[in-house]
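Position chain B relative to chain A; hints supplied.
Residue numbers (numbering that gives the first Met the number 0), protein chains in the order written: chain A, 0 to 206; chain B, 0 to 484.
Hints in this document: simulated from the structure, not taken from any laboratory. Do not rely on the hints blindly, as some may be mistaken.
[As the list claims (entries may be wrong)] Across the chosen pairs, the derived CB separations fall in these ranges:
no., chain 1, residue 1, chain 2, residue 2, range
1, B, F156, A, Y43, 28 to 34 angstroms
2, A, R187, B, R347, 55 to 61 angstroms
3, B, E473, A, N104, 32 to 38 angstroms
4, B, E40, A, E48, 34 to 40 angstroms
[As the list claims (entries may be wrong)] The list that follows gives simulated cross-link-like pairs (lysine to aspartate or glutamate, EDC-like), each with its CA atoms no further than 20 angstroms apart:
no., chain 1, residue 1, chain 2, residue 2
5, B, K456, A, E168
6, A, K190, B, E30
7, A, K101, B, D399
8, B, K363, B, E334
Note that the structure is a prediction, hence the values are computed from the model and not measured. Ideal Cβ placement from N, Cα and C applies to all residues, glycine included.
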Amino acid sequence: MVMKATADEPAADEPEPEPEVVASDAALMVDLAGGDLKALGELYLRHGETVASFLARVLPFSLQGDVEDLCHDVFLDIKNLSQRYEERGSLRSWLIGVAIRKARNFRRKQKIHSILLRRNSSGGSTKRPPPDTSGAMTDCLDVQRAMEKMPQGYREVLVLNVVMGFTAEEISTALDIRPGSVWARLHRARKKLMAVLDAPLTVGEER
Amino acid sequence: MNQCSRLDLFLDGRLQGKALAAFTDHLGECEGCRSTVDRWERSARALHRWADGLRGSSTTRAEALALEEEARGSRQAALRPALAWAAGAFVVSAAVVLTILVLYSRPSGRMARVAETSSEAREGLAASGKRHARHVETWHKIETGSSRKAVVIGRVFLVLDRDTSVFYSEDEIESIRFRLERGTSAFVVEPVKDGIEVLVQAADLEIRVVGTRFIVVRKTGEVRIGVRRGAVGVRGPRVQSRIVKAGQMLAWEEKEAAKDPGLMDRMLDSRLEELLSLRAKDPPDKSKGPAAQNPSLWQSDGALADRKGERRGSRPPLLDHLAQGRKLLIEGRLEPARQSLMRHLSCRPADAEAWSLLGDCLRKEKKHEAAVAAYRKAIRWGSPHLADRARFLAAAILQDRLGRHRSALKLLDAYLTRGRGRPLAAEALLRKARSLLGLGRKDEAARALREVADNHKGTTSATTALRLLFRLKESGRPSAGGSKE
Numbered sequence: 000m001v002m003k004a005t006a007d008e009p010a011a012d013e014p015e016p017e018p019e020v021v022a023s024d025a026a027l028m029v030d031l032a033g034g035d036l037k038a039l040g041e042l043y044l045r046h047g048e049t050v051a052s053f054l055a056r057v058l059p060f061s062l063q064g065d066v067e068d069l070c071h072d073v074f075l076d077i078k079n080l081s082q083r084y085e086e087r088g089s090l091r092s093w094l095i096g097v098a099i100r101k102a103r104n105f106r107r108k109q110k111i112h113s114i115l116l117r118r119n120s121s122g123g124s125t126k127r128p129p130p131d132t133s134g135a136m137t138d139c140l141d142v143q144r145a146m147e148k149m150p151q152g153y154r155e156v157l158v159l160n161v162v163m164g165f166t167a168e169e170i171s172t173a174l175d176i177r178p179g180s181v182w183a184r185l186h187r188a189r190k191k192l193m194a195v196l197d198a199p200l201t202v203g204e205e206r
Numbered sequence: 000m001n002q003c004s005r006l007d008l009f010l011d012g013r014l015q016g017k018a019l020a021a022f023t024d025h026l027g028e029c030e031g032c033r034s035t036v037d038r039w040e041r042s043a044r045a046l047h048r049w050a051d052g053l054r055g056s057s058t059t060r061a062e063a064l065a066l067e068e069e070a071r072g073s074r075q076a077a078l079r080p081a082l083a084w085a086a087g088a089f090v091v092s093a094a095v096v097l098t099i100l101v102l103y104s105r106p107s108g109r110m111a112r113v114a115e116t117s118s119e120a121r122e123g124l125a126a127s128g129k130r131h132a133r134h135v136e137t138w139h140k141i142e143t144g145s146s147r148k149a150v151v152i153g154r155v156f157l158v159l160d161r162d163t164s165v166f167y168s169e170d171e172i173e174s175i176r177f178r179l180e181r182g183t184s185a186f187v188v189e190p191v192k193d194g195i196e197v198l199v200q201a202a203d204l205e206i207r208v209v210g211t212r213f214i215v216v217r218k219t220g221e222v223r224i225g226v227r228r229g230a231v232g233v234r235g236p237r238v239q240s241r242i243v244k245a246g247q248m249l250a251w252e253e254k255e256a257a258k259d260p261g262l263m264d265r266m267l268d269s270r271l272e273e274l275l276s277l278r279a280k281d282p283p284d285k286s287k288g289p290a291a292q293n294p295s296l297w298q299s300d301g302a303l304a305d306r307k308g309e310r311r312g313s314r315p316p317l318l319d320h321l322a323q324g325r326k327l328l329i330e331g332r333l334e335p336a337r338q339s340l341m342r343h344l345s346c347r348p349a350d351a352e353a354w355s356l357l358g359d360c361l362r363k364e365k366k367h368e369a370a371v372a373a374y375r376k377a378i379r380w381g382s383p384h385l386a387d388r389a390r391f392l393a394a395a396i397l398q399d400r401l402g403r404h405r406s407a408l409k410l411l412d413a414y415l416t417r418g419r420g421r422p423l424a425a426e427a428l429l430r431k432a433r434s435l436l437g438l439g440r441k442d443e444a445a446r447a448l449r450e451v452a453d454n455h456k457g458t459t460s461a462t463t464a465l466r467l468l469f470r471l472k473e474s475g476r477p478s479a480g481g482s483k484e
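Isolated chain A (complex conformation) (with noise of 0.2 angstroms):
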């Protein structure tokens, strides 16, 4: 039975090559899926840039190491989801949408250990280091500091729509939220941004 199945010799008049089946992300998910973690690598390299890209702009007080390995973990997940994984749009969406589970977790847990460090330390030592204001980082710190007041919800989808260009569909796929729950955070999220970039302080685009 099995020599049969593999005993079959091509046709002799084979069509010329095309190119291979399975191609598109939903299928490089199937694929993998089925354990063949070329896929995952083809993933990977198809989506890693935006998806590290992501979680930099919504983690932005995080090191560039965590960064990584937040993005990292995303990719490793996705192995274990791809069996779940049903097409519904874009599966960078569907990427971005594990990415912001890993962010909020990663957040949730800095947090905590934050206010640990601030309970056992002895006092002004966890403060951070007065900002650089000299060079390029000068004129990010009013944006830094309307993000940070921005709450979470709010600053991702500012970060997807602004600045990655998703549309409020992809947003809403990723997010598990209704279109038109977006296009009310992001409206929020451009008064707060516009409202802190305008306070008398602001050292970014007028200087």
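Only chain B this time, still in chain A's reference frame:
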């Protein structure tokens, strides 16, 4: 409608056509709206600069390094008074606990003895402080005497063999740590859900758990790690960090490792045969270490395994042709992969997973007919998920390579009748439409294409469907009902 109320729509980019023109005219007249638009444009530019700076900017990296250094310094500074406080607190609390234990507890041979003593607490604290100087940790001791013990700590199910001693520390925030003092422990770790890390220390080795089942044995001068499922990362001061995967066993000897740092690499896998042969033997050979002396532990681990694990455990040692075939296939070595899979199938002709892998292998070898035959076997015996995958791939080959649209259509219909939420539903519908076109059933093809375009917006399949639909409308009218292919 008041144009000012459309400002948000304008900023969202949702205004089009006449509405956009009307609002642009309004901007010329309304100072407030114009100012808001200007402010937003400035803000968006600043946001872009900030975002670009966060990704790949050397300034950011330098700052990150500085912050890391600063954070490290502050953590150590923060920990010093905490350690002093904790050590004092432990001495007092442990003395109280010890007194209570002595007065009220009656430790028996059957029950694990959970004890906190001042020396143990200090020892645990010192050990943890060396590696992870972040939290003040409480170490608990679990010890077994003449019987085995199973305990659940966090998401870790731990089975301790006879005469085993384990310390554990659970800070509920970052990690659960175990330190195997002696004996044999089987660890079954649930997949990570809460981000809490699981670490196991045995002698100088530190085992980082990814979500797995594994066994650690420690006896004088030797540590063995056998992984049943998933993987663990192992590292130590004289050991190169490495990953130990399912089916592998790592044996590490303190004295030998000190002499020869490369020993660990050579010893990996060399004990696998021994481990598996121990399982097969009954009664066990007592000359082959604690695992053999306590076979019940290995059996208990087997009992914990699910059906898949049991099947795997019952395979002959070192003859796991399925795993080997999968590995070779992933590496792209098609010929040996096919041979391994066939060898496996000669023993287990109804193993759908193997048929599916064989189909993949044959597909990559461009043996299309044989690949379809293999996929059909996978469909016959496979789980719904596996069968779906095989259906789709077989249909793709039939359609693209063999031009057998009728057979492809049957498979695609079967795939789609299992629900439109399948992973490749859009592509399957698109393929169905193509097969229908191939058979000259243009109306049905158009319906399928419309379904793709309507139900799978945003996917590449939807775009292709729209394109095909357009072509069909352009060219299909005069020859409606005809079948050229």
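Status of each hint after checking the structure:
Checked against the given bound of 28 to 34 angstroms, the beta carbons of B:F156 and A:Y43, roughly 32 angstroms apart, stay inside it. Checking the proposed 55 to 61 angstroms range against A:R187 and B:R347 shows it holds: the Cβ atoms sit about 59 angstroms from each other. Between B:E473 and A:N104 the beta carbon distance is about 51 angstroms. The supplied range of 32 to 38 angstroms is therefore violated. The supplied range of 34 to 40 angstroms is broken by B:E40 and A:E48, whose beta-carbon atoms lie about 27 angstroms from each other.
Annotation: proposed proximity of B:K456 to A:E168 holds, straight-line Cα distance about 10 angstroms (limit 20 angstroms). A threshold of 20 angstroms between alpha carbons decides the hint, and for A:K190 with B:E30 the separation of about 18 angstroms falls inside it, so the pair holds. Restraint check for A:K101 and B:D399: the C-alpha separation of about 40 angstroms exceeds 20 angstroms, so the hint is violated. The suggested pairing of B:K363 with B:E334 holds, with an alpha-carbon distance near 10 angstroms, which does not exceed 20 angstroms.
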